[in-house]
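Asks: Sequence:
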Amino acid sequence: MSRVSLPAAFALCACAAALSLAPALASPAASLKAATAILASSSVTESGAADAPAAGKNEAAGLASDASQPNADTFIRRIRGFLPDLRFSLEGAQGKTVTQDAFEGKVVLLFFGYASCPDICPTTMAQLSQVVNNLGKQADQVQIVFISVDPHRDTPDVLQSYVSAFNDHAIGLTGNERQIADVARRYRVAYQIEKPSGSDPKNYEVTHGRGIYIFDQKGRARFLASDSESIDTLTASVRELLG
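With mature numbering (1 follows the signal peptide of the UniProt record, and there is no 0) applied, the sequence shown covers -26 to -1, 1 to 217.
Only pairs whose alpha carbons sit at most 20 Å apart, straight line, appear in this in silico DMTMM-like list of lysine to aspartate or glutamate: (1) K192 - D75; (2) K192 - E214; (3) K80 - D142; (4) K192 - E78; (5) K111 - E78; (6) K192 - D114; (7) K176 - D131; (8) K111 - D190; (9) K176 - E151; (10) K80 - D114; (11) K80 - D190; (12) K169 - E151; (13) K70 - D156; (14) K80 - D59; (15) K70 - D142.
Restraint-style ranges between C-beta atoms, simulated for each label pair: (16) D174 - K70: 27 to 35 Å; (17) S173 - Q112: 48 to 56 Å; (18) K111 - G69: 29 to 37 Å; (19) L216 - R152: 31 to 39 Å.
Simulated from the structure, these hints should not be mistaken for laboratory data.
For every residue, glycine included, the Cβ atom is placed at its ideal position computed from N, Cα and C.
Produce the complete structure using the sequences and hints provided.
Replies: As structure tokens, then:
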């Protein structure tokens, strides 16, 4: 499998899923504490590099630029007209079906990841939570949505418990393999579930894209940001949409 060159938002992180590999992040509360510490020290790390799925290179075409370019690790791009409007039908807390209609009239901050991710996901969720907190009275006009790319382990209730540790109003969504693949393809998100390591079928890694997608109140894709983008820049972009 060949390695592909993608911008930071489409680069893949290899996240060790087994909690035994990341004991400090064994609970949502621990994830939040660790992620906050990482943000405070401005040291965002990854647990290794990963090869992208073959489809990822094609799905990123048109939006991707060479990651070796200056400042490629930190960017936010206007993408109106380059990606489709927000649309999905997935499973939320207590097994309820959730569609894009639930967020009509709100700015949506969308991220793809999974609950047992030890590094990028908790750091990004803490980052998005701080963005919302920075908005003050406008915070209720913004919705954080976390879509799992690990439907085998992320049950709706487990996922909701995870995202709620970062933001009381964040929503975690999952679905079957086909549903997740369809949504990921729609937004050109590359991900891959690796084979289990050892005898434990739940001990496996997941590689996934790291982009933060920002949709306006009408569900139109407006910004794509790197997960390492500054909180101030993300906040300014959201405020632009809020008016």
